[in-house]
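Residues per chain are reported as follows:
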Amino acid sequence: MGLRSFLHRLTAPPPSRRTGGGPVKLVCVVNQSLKMGKGKMAAQVGHASVQAFLNGGVSHPSEIEAWLASGQKKICLKTPGADDFESLQKEAKRRGIPTHIVHDAGHTQIPRGSATVLALGPFDETALDELTGHLKLL
Amino acid sequence: MHDAPTMALIVRQDLALSTGKIAAQCAHAAVEVVRAARRTRLLERWRAGGSRKIVLAAEDLAALRELHASIPSACHAHLVTDAGRTEIPAGTVTVLGLLGPRRTMDTLVRHLSTL
Numbered sequence: 000m001g002l003r004s005f006l007h008r009l010t011a012p013p014p015s016r017r018t019g020g021g022p023v024k025l026v027c028v029v030n031q032s033l034k035m036g037k038g039k040m041a042a043q044v045g046h047a048s049v050q051a052f053l054n055g056g057v058s059h060p061s062e063i064e065a066w067l068a069s070g071q072k073k074i075c076l077k078t079p080g081a082d083d084f085e086s087l088q089k090e091a092k093r094r095g096i097p098t099h100i101v102h103d104a105g106h107t108q109i110p111r112g113s114a115t116v117l118a119l120g121p122f123d124e125t126a127l128d129e130l131t132g133h134l135k136l137l
Numbered sequence: 000m001h002d003a004p005t006m007a008l009i010v011r012q013d014l015a016l017s018t019g020k021i022a023a024q025c026a027h028a029a030v031e032v033v034r035a036a037r038r039t040r041l042l043e044r045w046r047a048g049g050s051r052k053i054v055l056a057a058e059d060l061a062a063l064r065e066l067h068a069s070i071p072s073a074c075h076a077h078l079v080t081d082a083g084r085t086e087i088p089a090g091t092v093t094v095l096g097l098l099g100p101r102r103t104m105d106t107l108v109r110h111l112s113t114l
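In the order they appear, the protein sequences are chains R and S.
Mapping the first sequence onto numbering that gives the first Met the number 0, position 100 (from 1) lands on 99, and the numbers just tick up by one.
Mapping the second sequence onto numbering that gives the first Met the number 0, position 79 (from 1) lands on 78, and the numbers just tick up by one.
None of these hints come from the bench; they were simulated from the model.
C-beta: ideal position from N, C-alpha, C; glycine also.
A portion of the hints provided could be inaccurate.
Claimed, not checked - Over 10 Å on every C-beta distance to chain R, these chain S residues come out as not near it, computed from the model:
id, residue
1, 2
2, 14
3, 20
4, 58
5, 62
6, 67
7, 73
8, 88
9, 105
10, 108
To be verified - Simulated restraints, written as ranges between beta carbons of each label pair:
id, chain 1, residue 1, chain 2, residue 2, range
11, R, 93, S, 58, 44 to 50 Å
12, R, 4, S, 85, 33 to 39 Å
13, S, 40, R, 68, 24 to 30 Å
14, R, 90, S, 58, 39 to 45 Å
15, R, 22, S, 106, 37 to 43 Å
16, S, 43, R, 92, 24 to 30 Å
17, S, 13, R, 20, 38 to 44 Å
18, S, 41, R, 64, 36 to 42 Å
Modelling step: build the complete structure from the supplied sequences, incorporating the hints.
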C-alpha cells in the first residue's frame, strides 16, 4: 500500500453497508444545452464513469463490487440544462446516492468549467430509477 | 502538461450505434483500462495531467483488432465486448480503450479520425 492510499484509508469515511442485494447501476446524465458532438459526449461520460468508479471504491465499496461483478450496468440519460444537475444532486445526496459532476477543462468545443455530465451511482437500481425515471434516454 | 499520458477510446463505425450507446461503451472501456492500469505510475500521471481522453473512429472490427494486436507494452488496453442487452447482439466488440504515454499514443492512433 502506498503512503497516499494509506492516509486515505485512515481519513476516509467508513464504508457504507449496502441496503438490499438488488441490481446496481450507474446513471450518467448529459447536459444537452452544450450541444457537444458525440465523441465529446462519450469522452465526458467516460470521465464521469471513471470518477464515479474511483470515488465509489472508497465511499461505497460493496456497490462497486456488485457493479463490477454484474457487468458494469450503465445508462445514459439527458437533461435540457445544467440547472437540473443541482436539484438532482441535492435529491441524490438526501437519498445517500453518490454523485459526481464533470466540469470540462475547456480544451475543445465548450467553455472552460462547463458542467457536462452528472454521474449518479453506482447504486441500487430501484433508488436510481425513482430519482431519474422522468429523464429521457440519450 | 503537454506530455501527460493519453487515453484513447476507439469506436467501431460499422455498427451505427446511437450516441447514448457509444457513450456507455466508451465509459465501459475507460473504467476497464483504469482497472488494468491500477497502481501504475502511468495511471497516476494520467490522472494528475487531467485525465486526457480522446474518442476516435475505426472503420470496422478488423481495424480494431489490428490495432489491438500492435499495442506496445508501455500501454494498457481493453477491448469491450457488449453484453447484448440493447441495440446489438451479445458478444459484439464495440470499443477499444487504450492508455499510454502521449507520444506512443500519438504515433499509434495518428491514422484515425476523431469521432
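Results for each hint:
No beta-carbon of chain R is positioned within 10 Å of the beta-carbon of residue 2 of chain S; the least distance is around 15 Å. Every C-beta of chain R lies more than 10 Å from that of residue 14 of chain S, the closest at about 13 Å, which supports listing it as non-interface. Some Cβ of chain R comes within 10 Å of the Cβ of residue 20 of chain S; the nearest lies about 8 Å off, and the non-interface call is violated. No beta-carbon of chain R comes within 10 Å of the beta-carbon of residue 58 of chain S; the shortest separation is about 16 Å.
No beta-carbon of chain R is positioned within 10 Å of the beta-carbon of residue 62 of chain S; the least distance is around 17 Å. For residue 67 of chain S, the condition that its CB be more than 10 Å from all CB atoms of chain R holds, with the nearest at approximately 18 Å. Every CB of chain R lies more than 10 Å from the CB of residue 73 of chain S, the least distance being 20 Å, so the non-interface label holds. Its beta-carbon lying about 15 Å from the closest one in chain R, residue 88 of chain S satisfies the requirement of being farther than 10 Å from that chain.
Distance to chain R confirms residue 105 of chain S as a non-interface residue, since its nearest Cβ pair spans about 15 Å, more than 10 Å. With a least CB separation of 13 Å from chain R, residue 108 of chain S remains clear of the 10 Å interface cut-off, as annotated. For the pair residue 93 of chain R and residue 58 of chain S, the beta carbons lie near 47 Å from each other, so the given range of 44 to 50 Å is met. A hinted range of 33 to 39 Å for the beta carbons of residue 4 of chain R and residue 85 of chain S is consistent with their spacing of about 36 Å.
Between residue 40 of chain S and residue 68 of chain R the beta carbons are some 28 Å apart, a value that agrees with the proposed interval 24 to 30 Å. At roughly 43 Å, the beta-carbon separation of residue 90 of chain R and residue 58 of chain S lies within the given 39 to 45 Å, and the hint holds. The hinted range of 37 to 43 Å is satisfied by residue 22 of chain R and residue 106 of chain S, whose Cβ atoms lie roughly 42 Å apart. The hint said 24 to 30 Å for the Cβ distance between residue 43 of chain S and residue 92 of chain R, and at roughly 29 Å that hint holds.
A hinted range of 38 to 44 Å holds for the C-beta pair residue 13 of chain S and residue 20 of chain R, which are about 39 Å apart. Residue 41 of chain S and residue 64 of chain R have their C-beta atoms about 25 Å apart, which leaves the hinted 36 to 42 Å range violated.
This entry does not satisfy hints 3 and 18, going by the numbered hints stated previously.
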